[in-house]
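Student: So the protein lines, in turn, are chains A and B.
Last residue of the first sequence: 1429 in the numbering used here, with the numbers rising by one and none dropped.
Last residue of the second sequence: 161 in the numbering used here, with the numbers rising by one and none dropped.
It is worth saying that the hints were derived from the structure and are not from the lab.
Incorrect hints may have been included.
[Said to hold, decoys possible] One side of the interface only, derived from the structure: several residues of chain B facing chain A at Cβ under 7 Å: (1) 41; (2) 54; (3) 56; (4) 58; (5) 93; (6) 94; (7) 97; (8) 98; (9) 104; (10) 115; (11) 116; (12) 119; (13) 123; (14) 127.
Quick reminder that beta carbons are idealized off the backbone N, C-alpha and C, glycines included.
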Amino acid sequence: MNQVGSVGLIAALAFAIYGVVAGAVAGKLRSPRMLKSAQRAVLGFFVMITVAVASLEYLILTNDFHSAYVASHSSIALPLMYKIPVLWAGQEGSLLFWTWLLSIYAGIAVWMNRRKNRQLMPYVISICMGVGTFFSLITFWVANPFTQLSLVSASGTTPFTPADGNGLNPSLQFHSMVIHPPMLYLGYVGMAIPFAFAMSALMTRQLGDNWIRVTRRWTMVPWMFLGTGILLGGQWAYHVLGWGGYWAWDPVENASLLPWLAGTAFLHSVMIQEKRGMLKVWNMVLIILTFFLSIFGTFLTRSGIISSVHAFAKSDIGPWFSVFLAIIAAFSLTVLFLRLDFLKSDNRLDSIVSRESGFLFNNWILLAAVLAVLWGTIFPVISKAVENQTVTVGPPFFNRVMIPIGLLLLFLTGAGPLLAWRKTSFQSIKRNFTIPLIFAGVVGGYLFWAGIHRLYTWMSLFLCAFVIASILGEFYKGARTRMKISKENFFSAVYNLTMRNTRRYGGYIVHLGIVLLFVGFAGQAFRFETQKLMGPGDLLQAKDYLIRCEGLTSGQHANYTYETAILSVTRDGRALGEMRPQKRVYMASQEALSHIALRTNLARDLYVVLAGQDPDSGKVLIHVIINPLVQWVWIGGLVVLLGTILALFPSRVERQMDEIRKTQEEALEAHHVL
Amino acid sequence: MKPITSSRKLLRALILSLVFINIATAAGSPEQVEKDIGNNLYCMCGCVTALNHCPHENCPVKSEMHKIIRTDLAQGKAEPAILQDLVARYGLKVLASPPTQGFNLTAWILPGVGLIIGLFAAITIVRRWRRPALAPATPTAPMDDKVRAAVEEEMKKFGG
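Please model the entire structure based on the sequences and the hints provided.
Tutor: Okay, here's the thing in structure tokens:
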């Protein structure tokens, strides 16, 4: 199977190289035959990478420890549900997985555009296959997952197969870890498609409405996956790392946030181009930046150039990625520079106080956030290079810098929809802002009275109230108009309003999700923690919770040994039930991992960790954290996801427009015009 | 003018009062001070997490670092002096954020500078957008030479 996988990789590399050439030739000569050939190269690339992925999965599932990758990341006792993710647990496998996802994305893009965007597709294929060439090259050449183990002696090398493997990193043996990396990768990889469409639009000078419409959808999909991946990563950290938090500003976490922020900026500024024909160059810059940061994120995650809690293997792929990043920057900026004359604005700004300038300031804040996160993430490397000094840039830095930026962004989330396109009069501002500001003022006053005096926490919740009032106001105003015109009841009016303009109202739901996320973040200011060595009968008071240790048990699982503390919890004298935090020691790696116990509701989480054991007394160290409002982070993330799906869903008008465009494209194709 | 001045004063007073309340509520018990210091440090065992969040059971480095903090607190040292002691022992990397001196100051300054430059850029763009167009944007407006050449090239291909 190692040989089959290697052959799959070589063949995929050959198809990718051919796809680059065939796509470019098809674009240059406008040859439908060459385009068809390039499309088949994409199919071949997908099939061959799938063969390589299937080979590696086969090796993992059959415990073939002759394979160096399987021996390093799997073991016989590893449960099946954790054997499948072994594919992306290590450097080599994850790069193969990246390439496979790219082949799927490219295949879908080709299939969906088999009868439309015929002028854009040759270069789209060429660029996708260019990215595919790079990834299949490093997967084959630098980080090959099909390397076999052998013993080197004076008489030569002999094949070696260990009896068992090292096993999967225990911290990865968690349910959300099974889907977290694929989600993140779907986000990173997917950004290649809008980049390819944007570059193709520049190269073919097809810079009308079409590329922007296509690219927006192709950006929203990976943006959604990236956001979901980030959220699942947060859940994993919360449940597995045992410190009661979901975000630590770790370089690898930041690497996923960067393209998400840049993509968010693009998804907003693209609306100005669609509505007003402005910001054309800027949108190109944003799409280039988003893709660049996606590759940069993969590089940061996989090269190990910056110390991270995510203990990925350090490797020598760094220089390869540096060259690839330089190629992306040089190629895209050159193409953009050569087409600047085609990207002039169609319109001028009618007023400074308008939706357009609101979007521009939104972009300003988002890009400032990108700069701050990027700078903080790479600063240790820069400091080492300039001063030969090792410094750490952790949560205190990012919290100080990013909280004000986040609050500004939150304000714009609420203010933006209240501004009209072209020009907003003073009367209109007064009319639109009054109710949200009054509502926020009432909520803010109540919070202050209730004892919330920390500036950032108070401001965050005040702005959340402002944004909620602003968004609900938009739904209400729209529904009221429909109720008058169509004589619908309120709920039908809200439903029809949303479905008629899924993009706008889906966007508002996304904003609502962001508000809920901020509510969850604000709860961190009221976090409480305490710890105590406990044996049977010992009590621990954590605010209004009383925790009693009922006993300790230990045992053995197929994959690990464990020690469990049995705790009974009461709150204000009312019994809440048992909690069983656990400490596991995984057999293959002998690594210990806490398995937390959690009682959760919308107001707060009671988070209990078995943090250690005193060898003298045999008592266990119980760490208790009371984490307010954490559930709102997960709910907010879910609302963002649902809003994005809604915004992706084409409205009735969009579906009709798509039909008309398809008919036009087919008519053009009938005349053999590529 | 008067109402604007009053509202500005009111806003300023509100912001200042919130800042003072924030500062006033920030102080805490010795355990809280130790925890706060721990949040500003990284554990030097190699876990790459804040001292308070080191995931290792019975981590000797974590215990040693906490011991230094407690000893210093018992001697009445303030947070900067305690941090200095830890830097002397472990190097600058023990701090969870770069110090605000020398080259490391740029870590703190650059995001703010970027924010201000970005603001000026946004304002400049908005102002440029507002300038009246040199020629009216009508279908009869003269076409850029490069665009004209490209259109002609396209037309030839369609014609051919």
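Student: Tell me, in ascending order, the numbers of any earlier hints that this structure violates.
Tutor: none
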